[in-house]
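Residue numbers (the numbering used here), protein chains in the order written: chain A, 22 to 365; chain B, 22 to 365.
What the hints contain is simulated information worked out from the structure, not anything from laboratory work.
Fair warning: there could be bad hints in the mix.
Listed next, with one range per pair, are the computed distances between beta-carbon atoms [what the hints assert, rightly or not]: (1) A:G64 x B:E83: 49 to 55 Å; (2) B:D34 x A:A219: 40 to 46 Å; (3) B:P123 x A:R244: 45 to 51 Å; (4) B:R82 x A:D121: 41 to 47 Å; (5) B:S323 x A:A63: 35 to 41 Å; (6) A:I78 x B:W126: 15 to 21 Å; (7) A:D121 x B:A205: 49 to 55 Å; (8) A:A201 x B:R46: 38 to 44 Å.
For each residue, glycine too, the CB sits at the ideal point set by N, CA and C.
Number of protein chains: 2
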Amino acid sequence: MRLSELGEFGLIDRIAKSAGATGARVICGIGDDCAVIESGAAGTALLVTTDLLIEGIHFRRETTAPRLLGRKILAANLSDVAAMGGAPHAFTVSLAAPRDLPVEWVEAVYEGIGERAAEAAACLVGGDTAASPGPIAISVTLLGECPTEEVIYRRGARPGDAIFVTGSPGESAAGLALLAAESAGNLDTAALSPEARADFDHLRSRHLDPEPRLHAGRALAARRRATALIDLSDGVAADLAHVLTRSDVGARLQAERLPLSGALCRACEHLALDPIDLALGGGEDYELLFSAGADLDEKVLSHALGLAVTRIGVITDRAGELLVLDPSGRERPLRQPGFEHFRP
Amino acid sequence: MRLSELGEFGLIDRIAKSAGATGARVICGIGDDCAVIESGAAGTALLVTTDLLIEGIHFRRETTAPRLLGRKILAANLSDVAAMGGAPHAFTVSLAAPRDLPVEWVEAVYEGIGERAAEAAACLVGGDTAASPGPIAISVTLLGECPTEEVIYRRGARPGDAIFVTGSPGESAAGLALLAAESAGNLDTAALSPEARADFDHLRSRHLDPEPRLHAGRALAARRRATALIDLSDGVAADLAHVLTRSDVGARLQAERLPLSGALCRACEHLALDPIDLALGGGEDYELLFSAGADLDEKVLSHALGLAVTRIGVITDRAGELLVLDPSGRERPLRQPGFEHFRP
Chain A
22 MRLSELGEFG LIDRIAKSAG ATGARVICGI GDDCAVIESG AAGTALLVTT
72 DLLIEGIHFR RETTAPRLLG RKILAANLSD VAAMGGAPHA FTVSLAAPRD
122 LPVEWVEAVY EGIGERAAEA AACLVGGDTA ASPGPIAISV TLLGECPTEE
172 VIYRRGARPG DAIFVTGSPG ESAAGLALLA AESAGNLDTA ALSPEARADF
222 DHLRSRHLDP EPRLHAGRAL AARRRATALI DLSDGVAADL AHVLTRSDVG
272 ARLQAERLPL SGALCRACEH LALDPIDLAL GGGEDYELLF SAGADLDEKV
322 LSHALGLAVT RIGVITDRAG ELLVLDPSGR ERPLRQPGFE HFRP
Chain B
22 MRLSELGEFG LIDRIAKSAG ATGARVICGI GDDCAVIESG AAGTALLVTT
72 DLLIEGIHFR RETTAPRLLG RKILAANLSD VAAMGGAPHA FTVSLAAPRD
122 LPVEWVEAVY EGIGERAAEA AACLVGGDTA ASPGPIAISV TLLGECPTEE
172 VIYRRGARPG DAIFVTGSPG ESAAGLALLA AESAGNLDTA ALSPEARADF
222 DHLRSRHLDP EPRLHAGRAL AARRRATALI DLSDGVAADL AHVLTRSDVG
272 ARLQAERLPL SGALCRACEH LALDPIDLAL GGGEDYELLF SAGADLDEKV
322 LSHALGLAVT RIGVITDRAG ELLVLDPSGR ERPLRQPGFE HFRP
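If we strip away everything but chain A, and leave its shape as in the complex, we get (with noise of 0.2 Å):
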């Protein structure tokens, strides 16, 4: 068999069984945000997260600024702490690159790295560097900590739960649209209006440096009243799906209820898509999306952490369906599912 056929989530799973943690000392191994082990200090748990970026899959270098590059790569990684609730601490980052790379490019991707590493107040400790034929390998591994009773999980959603997000989901999807519009010759930015074009660098910044919402999972996990939690990086619709399948329950969300920015909005019209298409299925937005008790009020939640907090759905006890209804009460179709690595 082809790693084709089994598709990504089936080869975790087949890790995740023959080879998953058992160890004495591991709180939640694969299927999370973070792996969470105990730190060996009373009350405080390790989160530990990865990931392995290659050239051509994960971006590319002729349109990617490597400082900015570098910011991205680590805000990945600072998501997946901040949606356990927890605060980063050290990471390692490995790179494999080929002979003729200008060192240029590599410091670049460093100095964005460290860039963010210095907001988050998250510390470079170590990594490993390779000669390769390319494409560019770039692997991160971030450390982070959590009080053990506060960290929260895919796994906690109860039917009943009201479903929030961040932010506003899409604008991400939105800013890459408009990014390959332009690059295709099919949008001339120059030609926009001031509004139109404050709309486009708005998005593109959103897609392109995005913000890991690293002072709102903290703030959620020590109110401790969330009861599973996901960071955004493949679309409203495929992360609440992990929720679910964790949780072993079912969502159903409304429509009107996304937070759709007007940005998004004006941005779908000139390019003729539709934004709640974007917020549903569009990746890396790193926003979160928890549940909690019905009685969460949206506006004490914003003003807790710090962000602007939409209630947009319910959890239900139907294992594994993700209903999506427009306002008359119909389903909405998912026209994006998330993305798998392997699949043809």
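Based on these hints, arrange chain B on the given structure of chain A.
Just chain B now, with coordinates in the frame of chain A:
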């Protein structure tokens, strides 16, 4: 400037200077076998080490059995933890691979990793998977721990200390040379005597399935007598040079004191190689090399570490100078410098 002009160690220097750890909880960042971080548990340090392996550079699919590859990948990381005096704990494995790779190959790699992990009581807790056009990339990050006061660094060697090595360095390189001769058709293993075949099997296994010296590393740390410690991944000369640089000292080795095994010497005779060259310059032995007070006895150490320990030289105050003397006291040139990535 290209990476090939700067070289691996030049690049690491630049990264360490621009983005290196300065966090209050980082005890030792870039520049040793593991990073050492305050774990939060009183008196216990967290160890972190990571490797990024690329098909065609670090391994070849055609000549490496995937189960042994998995065992060796984890063994190299376990050896880094041994080289700080620590015990392994938890690790992540990331894989980027082409869609048409057989699932069975991937599963065998993870099976080998799982075997080594079970032998070392380490747990696989997470990772990342991605499709890639190739070559295959595998990244491992291993966490370990050690009583903070017992951690042994590369930087503590003092003039007058004796230099010790475990086991029989050079055997892995001899195994590699035998495998290369066999695959080039220059070695007819079927025609070997039973004794020569036993040598071949032993040396090949030393290359393909090296044993990380975890027990010896922990025993050495617990005794608190070693002043500096490193594992042999690039040969006695190159790895000792790292200790000299970090400790700001020199060393004098006696070539005739190198513990050359009978199997190594016989294979070298067969292959017309110098076993001392292999011990000094051959990689991937994963033995331990350490400095300690000159009053320490080889036999007492061997008993304590559960491994043959041999005194091979002395630390001098001539910073950066590494002399290898032959029995007549003449200096022996170093023929095989350690491997450095990115160099042409």
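Could you tell me which of the numbered hints above are not met by this structure, giving the numbers in increasing order? 4 and 7
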